[in-house]
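Chains as they are written, first to last, in my numbering: chain A, 1 to 412; chain B, 1001 to 1428.
Hints listed in this document are in silico derivations from the structure and should not be mistaken for laboratory results. Any given hint could turn out to be false.
With a straight-line cut-off of 16 Å between C-alpha atoms, the simulated EDC-like cross-links for lysine to aspartate or glutamate are [what the hints assert, rightly or not]:
hint	chain 1	residue 1	chain 2	residue 2
1	B	K1284	A	D393
2	A	K394	B	D1254
3	B	K1398	B	D1376
4	A	K357	A	E314
5	A	K329	A	E281
6	B	K1306	A	E314
7	A	K27	B	D1151
8	A	K329	A	D232
9	A	K329	A	D119
10	A	K389	B	D1254
11	B	K1173	B	D1151
12	A	K66	A	E281
13	A	K2	A	D232
14	A	K19	A	D393
15	A	K27	B	E1249
16	A	K332	A	E391
17	A	K357	A	D306
18	A	K3	A	D232
19	A	K18	A	D372
20	A	K262	A	D222
21	A	K27	B	E1248
Beyond 12 Å from chain A on every Cβ pair, some chain B residues (computed) [as the list claims (entries may be wrong)]:
hint	residue
22	G1017
23	A1147
24	N1190
25	A1205
26	N1214
27	F1240
28	V1252
29	Y1265
30	T1316
31	K1406
32	V1427
Given the structure is predicted, the values throughout are model-derived calculations rather than measurements. Just so it is clear, CB atoms sit at the ideal spot from N, CA and C, and this is done for glycine as well.
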Amino acid sequence: MKKIICLYFQVHQPLRLKKYRFFNMGKDHYYLDDQTNRAILHKVARGCYLPMNDLLLQLIRQFDGKFKVSFSMSGIAIEQFRAYAPEVLDSFRALAATGCVEFLGETYAHSLASLANQDEFAEQVRQHSQTIKQEFGIKPKTFRNTELIYSDAIGAQVAEMGFTTMLAEGAKHLLGWKSPNYVYANAINQKLKLLLRNFKLSDDIAFRFSDRSWSQWPLTVDKYVGWLRDPDMPGEVINLFMDYETFGEHQKADTGIFEFMKYLPGAILAGGDLSFATPHEVAAKLQPVSVLHVPYATSWADEERDVTAWLGNELQNEAFRSLYEMRDKILKLNSPDMNHVWRFMQISDHFYYMATKWFSDGDVHSYFNPYDSPYDAFINYMNVLSDFKMEVDKQLALQEKEGNLQQESVPA
Amino acid sequence: MRVLMFGWEFPPHIAGGLGTACYGMTRGLAKNDVSVIFVMPKAYGDEDQSFARIVNASDVETTYGHVGDSELWEKLTFIHINSNMVPYIGPEEFESYTRQQRESGRFDTQGDLWKERYTFSGKYGANLMEEVARYAMVAAQVARDMAGEFDVIHAHDWLTYYAGIAAKRVSGKPLVVHMHATEFDRSGENINQKVYNIERTGMQAADRVIAVSNLTRNIVIEKYGIAPQKVVTVHNAVRFASDDAREEERNVPDKIVTFLGRITYQKGPDYFVEAAAKVLKRVKNVRFVMAGSGDMMNHIIRRVAKLGIADRFHFTGFLRGDDVRKMFALSDVYVMPSVSEPFGISPLEAMKSNVPVIISKQSGVAEVLDYAIKVDYWDVDALADAIYGLISYPVLAKLSSQRGLKEVTNLKWEDAAAEIANVYRSVL
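Take these sequences, add in the hints, and give me the full structure.
And the structure:
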């Protein structure tokens, strides 16, 4: 049986807030921890983005167009590349130029807007598509939402925005006996095709690769390709979706992850029964086998595969509510500076830091978290948000005053 | 008059108000011609020593065990509280101790080997009971070394009561114990029986008990069964650094209502939150700040989020030094809704910074203040009402802060210390 391997890597780095105290409020309107943001970006660029991009470029050349990958890159990450590491953007452009790399659409700010406000969601997706077009000359046709958040309604809206394909999590509680290794369709708009992440085979690389307590450690290329070929695992496409930082960051170089990736494509292509395709190509080639009903939002995070990592306690809900109630004012103000803050305040990571469900998924949460506790994260975020609100109100009042003056000066 | 004083902390290294009070008191006593030998565990070396001689308990060598100096044993009953700890030994002693053990294969129990130096952590910690016990042993040694240099012994709070008792037995001098807080103030009705026992033993062994308020005096009499004629109320005073009056530039246009203190059950932080929510329903141009940390902090943050007021209710974490002054300078109203407060010094600091204050009737400081608004801690409506009044009616805030400043300026440690000196005289 022939199977397609579909690789997608997520590229995102949040803009972290600096320690912002009550005493800063009203006086200090710069909210970002530039030093940390730059340092982390440089570290990840050196350890992951640059060496991995090099490797992928080599592989694409080596296999003469048969090896294909796809990326989704948040606008916030692109902003940081422009500011701190333009060479990373160059290397992504080199990949784009091979024609073997698809760039997916997402929200500009890697935000949770799809759960808050449809208009804001659409606006951010539009903004992101524009940015990708500008940087790589490609207009995204496939969509992947922040953290693979998906529901029937979100899918329907994405289809309306002109996307033909969307990625989602192959969560057990959605699929039941069904396999993630087929193409499915959105329940509301069946023209939208869904590619579902094979979380077992994806996490074997992303999470378990260097785990010595794992019964399958060490993971060799032969063993892994054996699993992909396994005739007991039916299907037409195997979707391996993971964070790009898996390579060199979550799995450090000394675990052998780069060597694994170097030899994986060759082993996959060797048999002739496995091939690579980008999400758009997969959707064009394969027909959906069924619709998938997803009444509630799912994601790729944690055991529950729901959105409680970001909106699971009263701290997160309050911060979220407090943020999105500002939207009308932001639109009215329409100031580039304020829009910038508005965007980075929406980055999903801020809400992730406030999660209190540390138990089964604690390792992953604490790895990414710059705060000592979710409470610290909440306090700091709310302090920044409070000051931002005051600034917006101040500028709105100013704008109104100027508007009135202009009206008065117009002769009757 | 000379006093041997046992404390647990002293500025600048303080975890609570006890250290600040001790400092003001020793200054006040100095003005009343009382000299103080202050014993505390683990002196850091940068304390202000101009008014008190600080003896570092960690530097006093004491005799420990059942060998050596037998004279001490005639005057000291060994006090041992669930302590299974081997005392820390100085590096030199430790080296000779181990060398000797290697060479001879046995312990030599003669000589200085057993004169060990204990290192106190000096912080409230898990092995507090052990530290209390060891502090008492050191106290006996101190009292012996200082024999003839003091006339009366003064011990602050239960942590030092065994030390006070030990010093009294060794020296035969009268003992005054000072109740800054009772176990009932700290823990509500779920008291720690060991702590309660030490408090009661200390007060029973003392010649006089000083309570920081009538509120505390009543608890001492009713719940500890101490004879009323033995218990004297001396209200605390407050000492201000001279540069306290600096103006702070306002950072937000709104009125600021502040809670400053440990975020624990005793301080009533939840009543502050509920009142804040009520006020915010009526007026928008106000922000609430909770400054401090404590075991109820996470609970309070959740409650604030749940009430949907987090963009108007801010947390600063624990503040120290200049940040405390800054916080007061930025405040329009200071609230202390304590469930049980033996005294409560921070409203006085707020008043000194021209901030109108609202305090609970269940605080000792309410006994000495006329120009503070007083409410029952549980009466959230009354608290909300008082906050609303102070931020909405400038004339009320002005009166409250002006008269308050005058009132608080008259609360001097010099006067409180004179009363304490009278207590000393009454036992000599």
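Check the structure against each numbered hint from earlier and tell me which ones fail, lowest number first. 3, 5, 7, 8, 14, 28, 30
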